[in-house]
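Engineer: The primary structure of each chain is shown beneath.
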Amino acid sequence: MGAIVEIEDVTKDYPLGKLVVQALRGVSLRIDKGEFTTIAGPSGSGKTTLLNLIGCVDIPSSGAVRIAGNMTSNMSDAALTNLRLQKLGFIFQSFNLIPVLDVFQNVEFPLLLQGDLSKGERAKRVEDILGRVGLTDQIKQRPNELSGGQRQRVAIARALVTNPAIVLADEPTANLDSVTGNTIIELMKELNATAETTFIFSTHDPKVMRQATRVIRLVDGQIVHDGKGTEGVIEATDPALARREEE
Amino acid sequence: MGSLLVSMRVVFLIAMRNLTSHRVKSLIVGSIMAFGTMLLVVGTSLLDSVEESMEKVVTASLTGQLQIYSTEGRDELSLFGGLTASRPDIGEIEDFSKLKELVEPIDNVEAIVPMGITIATGAGGNDIDSTLTELRRAVDKRDAKEMKKLEGQIVQLASLLEDEYEYRAKITSDTEKLERDIEVLQRVQEGSFWEDFDLNANARLMYLDTKLAPLAADGKLFFLRLLGTDPQLFKTSFDRFEIDKGQMIPPGKRGVLLSRRAHERFLKHRVARQLDRIKREIEVEGRSLEDDELLQGRVRRLSRQYRRILFQLDVAETAKLETMLREKLDDDAPDDDLAKLVEKFLLVDSQNFDDRYTYFYDNIAPMIELYRVNVGETVTVQAFTRRGYLKAMNVKIWGTFQFKGIEDSDLAGVVNLTDMLTFRELYGKMTDAQRAELESLREEVGVEAVARDDAEDALFGGDAEVMEDGAVGELTDGFDEFEGVDLLERDERKTRAGELTYKQEELDSGLALNAAVILKDRERIAQTKRAIEAAIAKEGLKLRVVDWQEAAGIVGQLIIVIRLVLYAAIFIIFLVALVIINNSMVMATMERVSEIGTMRAIGAPRAFVLVLFMLETLALGLIAGSIGGLTGALLVEAAGYYGIPAFNEIVRFIFAGPYLYPHVTLGNVLLAAAVIFIVSVIATLYPAIVATRIQPVVAMRGRD
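Residue numbers (the working numbering), protein chains in the order written: chain A, 1 to 247; chain B, 1 to 704.
For the record, the hints were derived by calculation from the structure and aren't laboratory data.
Just so you know, not all the hints are guaranteed correct.
What the hints assert, rightly or not - With the C-beta cut set under 7 Å, the calculated list includes, among others, these residues of chain A facing chain B:
| no. | residue |
| --- | --- |
| 1 | N52 |
| 2 | V57 |
| 3 | D58 |
| 4 | T81 |
| 5 | R84 |
| 6 | L85 |
| 7 | F90 |
| 8 | N96 |
| 9 | V100 |
| 10 | P110 |
| 11 | L112 |
| 12 | L113 |
| 13 | D170 |
As the list claims (entries may be wrong) - Estimated spans, in silico, between C-beta atoms of each pair:
| no. | chain 1 | residue 1 | chain 2 | residue 2 | range |
| --- | --- | --- | --- | --- | --- |
| 14 | A | L19 | B | T631 | 55 to 61 Å |
| 15 | B | R693 | A | G120 | 33 to 39 Å |
| 16 | B | S626 | A | E186 | 50 to 56 Å |
| 17 | B | R693 | A | K140 | 31 to 37 Å |
| 18 | A | S73 | B | R693 | 18 to 24 Å |
| 19 | B | M590 | A | S147 | 26 to 32 Å |
| 20 | A | E186 | B | T631 | 54 to 60 Å |
| 21 | A | T136 | B | I580 | 42 to 48 Å |
| 22 | B | R693 | A | N74 | 18 to 24 Å |
| 23 | A | N182 | B | S626 | 50 to 56 Å |
| 24 | B | I580 | A | D77 | 28 to 34 Å |
| 25 | B | I580 | A | E196 | 50 to 56 Å |
| 26 | A | E186 | B | I580 | 48 to 54 Å |
The beta-carbon is built from N, C-alpha and C at its ideal position, and this holds for glycine as well.
Chain B on its own, in the form it takes in the complex (with noise of 0.2 Å):
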């Protein structure tokens, strides 16, 4: 043992000397050794920085450490969105506080957020239907000034619908009906028809309704992703989550909070919404107007946008911004009329990009409406139940939020909140309250459950009397389905939508689809994840635990994808270095075959010769491992000061933020320096064991 201890020395002097004798040898393998060091310690160590901050963000935000969902839906959650865009099934949690009660005990859960989302369309009005509103409003208060200047907008749409129709009429073969059409927009621009307009005023709104309205495009139809929860526990519990605009619904009460990107994205005026979406693509990803065929593009279709702004405004506001544009722009040919100025207007370039962005928000915006659904109003959803029925209701929305570090993250914009009960009435569950109005509309019309076998008897069958002879003529002969209904009433009952309010009880207690388990230490997610398994089978309920990164869906599964695609870079490239190194290391036995034949002629062992190959090897290794292993540190680190830029909305969704700040982890070296210490002894091993059978006999032959 002390003789090899004692040969060891002279092992690691030969060895250290031939590294340093062999330069070439030397710099080569050691630059593929710290090249490929560094690229594992910057790979691993930006990966995990991205992981880290998309788990921050994705747990903080929506999914916490841990979900808890039924094992009986036919699909996976995943809360960011999955592959396809239909409402996935994920099966029930039938009774939420019984969950609340089995988890909440269990140690290092700090809460329990119920969860369910549900897709729903908002239907805020077209323009004429808001103008329409507002002119209903004016009647009701018998505000004639008000009712003239909304006369007048009124006209101005239906003048520049005219305008299109008779252009679609020379483009179609089907003329009849535009010619219809065309005549309700000439009957709307003539004087009779606001005539007396306050004494008719019902009738003439419902033909404002029905016969106008509908033949402006663009009905405002927007889809909401909604996620019902506790909207008090969601907000503490989800350190990312803030305000905007408006604010937290109330404590008991009901409502929607939009979130920022879908109401900034989804919701703004399409016009204001191109000018920022340019704008952004100037200033975050760094296109310029001057040569960049799709922003080009982008602001041509833009000016095409113009009547989307003329449909908004008065007569006033017309009259106005035509003397504001033409000074603007100034322009004093008599043909110019303002759609020809807007459309002018909003033809930007590179030079006066700035200016008419600023001149947009500043001038133009005041007069129009900024966004479809503002925070404050009350605004009519509609979803698809379960049943597959179709469920409509007011709700107001309370304001807008974001999720921090995420704000121009798709992240952020992929769902809308809303407390659970407005939630459980969209998905098709009823309140109590709901249950008991049925209850009693029920016993006064003196209706009956029938069961689905009975239901052919109870309808058809002679026994049955479920609808007398004589009210079936009433109800066919002139019939009218406004009958009874107020209209007028409608933003009353909007107005209510807001008072609506709950009891915490009745929020726990019922459906959720999922529910947020919320951890002190996150670092515990794998042993508290078993806890709550172990409670969930003791009680028999069939729902699963998964961690955040499976629930979070496709984000989830990205960053797995992209581990992968970088394993596989880094495992091409050292299997290169293994080549090189093999290779090399082969062409070096070749050169001091002599040698060591001598060294095995005078008496070193196989062992001596293998340690000696391994030790040069290794020694490179380490010395070009930790020079890559610093250089990528350093690297990682400096990125990490200076924060890496998101330059593009796919980047930025994967960094999770505009930045990524990266940073080295012992971890990282660890794995490096493992890596580069396997790769070495095996590209070692074959010309050591090349080098050991050299024979001893070799030595005796002369070299010349």
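Bound conformation, chain A alone (with noise of 0.2 Å):
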């Protein structure tokens, strides 16, 4: 399998008042494509920064960030728009759905930036990830009118529509209760399974992290921990949850 992100010796600083926050510090990974990755952290740990670089929604201080071979840190605002827009798919913890408009219509947005399908073709693909995720009764309804569960479907809906290389969720359950939480990661990882797209997540839920095929954990904006299992990771993220499930 290639390499669809590759992340080299990258640093990202943020100026709050005279100080200089670093947030990463000399960071270097890759993932394949196709992977199922969790990043765990505490709070602070820069675990959002380098999903923020990965999504090209940033770029780094120093270092280099290539997604699907383009290296971000040269790229302008229109070319990094266009990145998002071809090769990425966003899932965010409040579901950032656009509220005037319908299920059908949220999940169609991104194919109609993209502007290369017909308008049979792009209904045809909404209506079937639509059923994919299992809201096909729900496609005329505007977001204030469905679940959390639902609205974090329809998220996941318009992530994947047009099949991107890669979809990065940021605590996709964080605002979800632990049934529909978990219901929202089979999904994620059935669609990783049958479309064969890379999902990078963050999250603190133990739960969560025990899905992913790996887990990379941040302290202080440095991986300590990047491999398969979660042996060590949840009691470093969580030590009372994971008191609760040795008792």
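Taking the hints as your guide, dock the two standalone chains into a single complex.
Structural biologist: Here it is as structure tokens:
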């Protein structure tokens, strides 16, 4: 499998008044196509910053970020926008659906921006993906008429409708109850298996973490764990939970 | 490109949905836009209508579409009067016929009308003067009965004046002259003055003329702004012109037409004029005698004018009116003489005004001289010529005229019409006939023209024999200025004034001060103006061409001032609207940061966000603008259907008539649309740019 994300010795600094906060300090990473990767770590560890760099919504202070072969630090805003449109799908913690559009229109939105498909093709693609996330009956509803889980399914459908190379999810289950959260992760995993889309998501939730095929743990802007298992990661991330699980 | 079109659809969809989902914001911004548009449509429509009706009235009554006048004068042409009361110096058009030949063949020129304005004073004589004229006529006809009647009237006048002068004597320290005046008044009341009156008629009449007449105040001097023109051509060229009383100056005849307004306002009996004014203020301006202090003050002053009625009554009329008024007022107090009765009668109130107004015109007006100058009369007018000497001449008043649609406007009263030849004489330009007469007089008397430089030599030098020694003595001893002048011939000379004639060539060739150009198609003013200017330049004439608005003077400029004020008001309103729209759009942007960030993260370019914001405001502008524009148009059309009444003289003047019937043009609506479009774009530009700067990274931050 080829690398879809290549990160080499990346640092990211944020000015904070007169101070400079180093969010990432020399992170190197490679994620292959089709991986189902989670980025874990306590608040402020730099996991959102890392996701932002991978999601091409930010560029590194130093080092190289290559997404699907494109070096992001050299790219213009317009080129980055286009890269996001063509290669990436986003799932947000707060779902971030466009409130004035219905389910169908929200999912169709990135296709309209791409402008490659005819109306019929778009409709087929949207209906198909909505079928896969189980929202065929809610197609004409507005986001405010849906439950949290349904909204996140719409967001997943929107992220996947363009057949992106990578789907990025920032705490996708944080605003959902555990049952719904599980279903969402199951769904993501299933789509990962069938569509061969690379999934990269950040989470605090050990149950979610356990679903991942690879867990990367950040502390203070550095990778402290990168492996298939969650061993030691849950304890470090959420000691209380780890104790409850042991009991 | 295809993708752009497709994404436009979703932009439009989002924009519309945003408008409906943020109802309060849309409503506030939309209301402001609608109000602004409505105001713009109403304001510009009204103004255009005012300008249009004013243009119609101004061009069709006096100016024509274009005016031509000299470049040599110091002042600018101002046909409806400027800021100064004096006669402006607008230069001269030396030979009108030359200009006529030049301009008439130009395309789109219907006619060119010569004009010239001068200010003349007319002397209709005072109350005593007119009574004396009648007395002179009666003496002439040896009509003893009429003489007796007039004697009574003059005695009564003298008695009334004596009361007044005695009252004056009480309050002044200079009693010497007053005593002499009172002596005259008493002398006239004595029976001996009237005995053998017909035998000494000339001497007695002279005494009355020179001693009594000057004592009556109110010398009937009146000002006439006289517009000399070609009366027949004027009548056909200015279709608002119409005869009110009397007749048009007949072709080839000389004379004057008074403006109805001037006749009613300046030449009418003061009591009648005041009554008219009160009536107008009640009916037109909606004032009430019950509580309006201004009107009540007017009534008090009116009642003190009773003498002006008494002065004009003869003995029989005095007795008759006394009986009538006693009955009318139900007054049987023996102390109340006619003066008291008239004073009481004129002290009108809200209950009896209409009744007394009618009574005045039905019963009192026939006994008095209602106008100082009547249609058909010949009056003597005087004017300072451009060289500064006083020129007096008799002119016949053929009738009164008015301009349709502005009968009641001050605009209508600004000029009185006369023929070009009368104008030229008053202006100080001699006619050919006069020049010939003067020439023959010179030959007869043996006067030589002397150049200014030689004048001193000619007058005082040894060579010149201007006057023989003996002649001086003859002139100074026992000089009688009236010798050889038959005063009784006065009326006859006046009658002849109406018979004076002229030929069209005389009128055309010669001086004019300005010329009105009437166009066939008034839309092509600018084009025709250029053509005339070119023709004038080609001939090397020192003349300029101005459009009606400029030529009208202060009237034309008034509309420009009103327009500026309106535009300033609208500018301020839209400035406020701009700030409010801008603010609420910035607020909306702030509320939608996460939504916009999401769109940007998903892959929407900056342009998408820009268009989205612009479209939202433009769509709102379109909807609100349509509603506002439509409301404005309906308001204007409704106003146009019912007419907006001019509630006072100033507004009537601005409306150029008693009502304004405004209407909307496509231009008004398009202007409003353009303004609302520009305001929308400017108001949204800043928030839209702020929105495009929202980074996609904000979408990644959770809302919680």
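Engineer: Please go over all the hints and tell whether each is borne out by the structure.
Structural biologist: Status of each hint after checking the structure:
1. For N52 of chain A, the interface hint holds, the least distance from its beta-carbon to any beta-carbon of chain B being 6 Å, beneath 7 Å.
2. Interface restraint check for V57 of chain A: the shortest CB-CB distance to chain B comes to about 4 Å, inside 7 Å, so the restraint holds.
3. With its C-beta approaching chain B no nearer than about 5 Å, D58 of chain A sits inside the 7 Å limit, and its interface hint holds.
4. Interface hint status for T81 of chain A: upheld, as the beta-carbon distance to the closest one in chain B is roughly 5 Å, under 7 Å.
5. Satisfaction of the interface hint for R84 of chain A is found here, the shortest Cβ-Cβ separation to chain B being roughly 5 Å, below the 7 Å cut-off.
6. Because the closest C-beta pair between L85 of chain A and chain B is about 3 Å apart, less than 7 Å, the hint holds.
7. Of the supplied interface hints, the one on F90 of chain A holds, with its beta-carbon coming within about 5 Å of a beta-carbon of chain B, less than 7 Å.
8. Of the supplied interface hints, the one on N96 of chain A holds, with its beta-carbon coming within about 4 Å of a beta-carbon of chain B, less than 7 Å.
9. For the restraint placing V100 of chain A at the interface with chain B, the shortest Cβ-Cβ distance is roughly 3 Å, inside the 7 Å limit, so the hint holds.
10. Look at P110 of chain A: its Cβ gets to within about 5 Å of chain B, closer than 7 Å, so that hint holds up.
11. Contact between L112 of chain A and chain B, as hinted, is supported at the beta carbon level, the nearest pair being about 5 Å apart and thus within 7 Å.
12. This hint holds: L113 of chain A has a C-beta 5 Å from the nearest C-beta of chain B, less than the 7 Å allowed.
13. Using the Cβ-Cβ criterion of 7 Å, the hint placing D170 of chain A at the interface with chain B is satisfied: the shortest such distance is roughly 5 Å.
14. Taking 55 to 61 Å as the suggested C-beta distance range, the pair L19 of chain A and T631 of chain B conforms, at roughly 59 Å.
15. For the pair R693 of chain B and G120 of chain A, the supplied restraint of 33 to 39 Å holds, since their beta-carbon distance comes to about 37 Å.
16. In this structure the hint that S626 of chain B and E186 of chain A lie 50 to 56 Å apart at CB holds, the actual value being about 53 Å.
17. Checking the proposed 31 to 37 Å range against R693 of chain B and K140 of chain A shows it holds: the Cβ atoms sit about 34 Å from each other.
18. For S73 of chain A and R693 of chain B, the Cβ-Cβ distance of about 20 Å falls inside the hinted range of 18 to 24 Å, so the restraint holds.
19. Between M590 of chain B and S147 of chain A the beta carbon distance is about 28 Å. The supplied range of 26 to 32 Å therefore holds.
20. In this structure the supplied range 54 to 60 Å holds for E186 of chain A paired with T631 of chain B, their Cβ-Cβ distance being about 59 Å.
21. Hint check: T136 of chain A to I580 of chain B, Cβ distance near 45 Å, so the stated range 42 to 48 Å holds.
22. Evaluation of the 18 to 24 Å hint for R693 of chain B and N74 of chain A yields a pass: the beta carbon distance comes to about 22 Å.
23. As the Cβ distance of N182 of chain A to S626 of chain B is approximately 53 Å, the hint placing it in 50 to 56 Å holds.
24. At about 32 Å, the beta-carbon gap between I580 of chain B and D77 of chain A stays in the expected band of 28 to 34 Å.
25. In this structure, I580 of chain B and E196 of chain A meet the distance hint of 50 to 56 Å, their C-beta atoms being roughly 53 Å apart.
26. Separated by about 51 Å at the C-beta atoms, E186 of chain A and I580 of chain B satisfy the suggested range of 48 to 54 Å.
The structure shown violates none of the earlier numbered hints.
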